[in-house]
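Undergrad: Chains B and X supply the protein sequences, listed in that same order.
Just so we're aligned, residue 0 is where the first sequence starts under numbering that gives the first Met the number 0, counting upward by one.
Just so we're aligned, residue 0 is where the second sequence starts under numbering that gives the first Met the number 0, counting upward by one.
Keep in mind that the hints were calculated from the coordinates and are not lab data.
Nothing here was measured: the structure is a model prediction, and the numbers come from that model.
Listed below are the simulated PhoX-like cross-link pairs for lysine-lysine, each with C-alpha atoms no more than 25 Å apart in a straight line:
no.: 1; chain 1: X; residue 1: 152; chain 2: B; residue 2: 192
no.: 2; chain 1: X; residue 1: 31; chain 2: X; residue 2: 199
no.: 3; chain 1: X; residue 1: 152; chain 2: X; residue 2: 110
no.: 4; chain 1: X; residue 1: 110; chain 2: B; residue 2: 192
Pairwise CB distance ranges, derived in the manner of DEER restraints:
no.: 5; chain 1: X; residue 1: 14; chain 2: B; residue 2: 141; range: 45 to 55 Å
no.: 6; chain 1: X; residue 1: 154; chain 2: B; residue 2: 35; range: 36 to 46 Å
no.: 7; chain 1: X; residue 1: 109; chain 2: B; residue 2: 300; range: 43 to 53 Å
no.: 8; chain 1: X; residue 1: 116; chain 2: B; residue 2: 28; range: 17 to 27 Å
no.: 9; chain 1: B; residue 1: 18; chain 2: X; residue 2: 173; range: 33 to 43 Å
no.: 10; chain 1: X; residue 1: 205; chain 2: B; residue 2: 21; range: 42 to 52 Å
no.: 11; chain 1: B; residue 1: 25; chain 2: X; residue 2: 215; range: 50 to 60 Å
no.: 12; chain 1: X; residue 1: 185; chain 2: B; residue 2: 107; range: 47 to 57 Å
Quick reminder that beta carbons are idealized off the backbone N, C-alpha and C, glycines included.
As a plain string of letters, each chain reads:
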Amino acid sequence: MAVSELAHGTKAGVSARNGNVDAARLSIFALVAALALLPLLAGGFLLYSLSLCFANALAVLSVSMLVRYGGEVSIGHSFFVALGAYAVAIVEHRLGLSIAVSLPLAVLLGAIAGFVFAFPSRRLSGIYLAVATMALALALPEILIGFEKFTGGFEGLYIAQDLIPGISKALQRYYVALVLLVVVCLALSHFRKSAQGLALLMAQAQPRAAEAMGITRSWARVSIFTLSAALASLAGAMTGFASSTVSPNSFTFFSGVFLLVGSVVSLNRLSLPAALVGGAFITLVPTYLAKAGDWVPILYGVALIVVTLAANAGDLRRFLPRRRGR
Amino acid sequence: MMATIGSGLVAEGISLGFGGLQVLSDVSLTLKPGVITGLIGPNGAGKTSLFNCLTGLYHGQRGHSSFAGTPLDGMGPAQRAACGITRSFQNLAMCPELSLLENVLVGLTLKRRSGWFSAFVPTPAQQAEREDTERRAMAALSELGIASAAHHKPSDLPPGTLRLAEIARAIASEPRAILLDEPAAGLNAVETRDLMRALKRLMRPDLVLLVVEHDMDLIMELCEHIYVLNFGRMIANGTPAEIRAHPDVIRVYLGDDADD
Ligand SMILES: Nc1ncnc2c1ncn2[C@@H]1O[C@H](COP(=O)(O)OP(=O)(O)OP(=O)(O)O)[C@@H](O)[C@H]1O
Ligand SMILES: [Mg+2]
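Based on the sequences and whatever the hints tell you, model everything.
TA: Here it is, written out as structure tokens:
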């Protein structure tokens, strides 16, 4: 009987897996400890770059979350990132309040914006959804420059307020971003085991079976997009805080493309090491690429086409002559 | 022959076509609570399509269905699931990323009470709910004799185990109607026997249970009432003895013997 065969393999298999899990946990713990102690050794520019890297890692996670739990690709997540960043800047300029207030507000705004976008487009998927998100990314610079009174136009805004008074700016940026990144990774690993997380994975792998279990496709689409946009907005708030500035330069059409490439580079994983790889990629590569001058848009364009086509390989089959039924 | 609406799961005059292909023509059936009903028919007869109509995945061009007196017409699959109708899938609908236990847990989605906050932050209430649903899912897996496979990924398991897990998922939520699409496909003789025993144990006076099967012996032994579908038409229904003696059924099954 197949079951008794399994029973033999089970104990060894599961304990081996537990061993791997423990080793993985331990190495992540060591990584966090090392990052937490780093400011004792390093200073200035490295800490600044790392805090940006942490913030970017959060943004990459928001895109990866959409890919993993929604099976969807967004080119326009820079829209939600910008929303969070500008929320921090505008709250400081208009109300004089720090990220203690604007960070939760950014998450809320991101969730609302995500919902408002996702609800009407809940029947779109694959390449069609990707194109719809592209509209967001394209509209973004116009909005930022158009609402100059609030956004500071081309120049952007500075973010000067500290979260914790009395601690140096560099250390604050670094630790706030690091703590937030670790907390988000923990929350995401809890989410994987939650009823909602399981439901979303099922809806993606077996949409019709999931429907028959009470998980509607529109619920799945709207929820994952809302969550992912909220996380993107949180990431944006951190980007603003870590770089002390927001301007339309940081949120061009290509930053959305770049987030997607960063997510692919991190293999769409939702772990801390993967997020750091994606974050480092986004933080470092554009500065190197800047030297490529005129080639930059072309490189981005090619990356966009490759990533979108690869992610939508399944959808593209739809265009082949033999059509599937409903 | 037409039963009173109000008891069990009832379908009347269901017709379904895809383009020029008529898959179901004027199909009616009544699934009474407390009775294990069988549905047989050759390959391509429309059995799965009828399942899909009953569970809202397909919508017939004509016909009505109701469950315990509530009309189901126009309801999508999720709404029908909320009415207590669950099913298994002929082509194993497992999520490869989830363990067997998690795949069964998804079947309990409609029982979820915990909100979005506790999806990200562990709370005592969510922890308790998780333990409760896990206990139910494990009980369903044990009922089918596959509890030892709970923590394995579907890709590491033989099809027979996945088939049983598919059924465990359907029964875990304590539904009011269970529709099983070829539950014994790919099972060996021992597993089939175990499955049959489990299904009989499962039977309660208020449960509607419909089983599609190719295995005639199993259907004849398990079911009290059997429907026979051929080319989208219901050609016979009755007790196992009546079905065995029915001339149309004999013709269909003798003429179609080469299959499966
Ligand atoms: N979505 C669809 N689009 C087009 N044709 C379909 C669709 N679903 C089913 N059919 C057709 O309906 C007919 C009945 O299929 P169905 O799967 O219901 O048969 P079945 O009785 O379950 O067969 P099997 O014993 O092989 O499982 C087949 O000819 C099939 O090709
Ligand atoms: Mg079938």
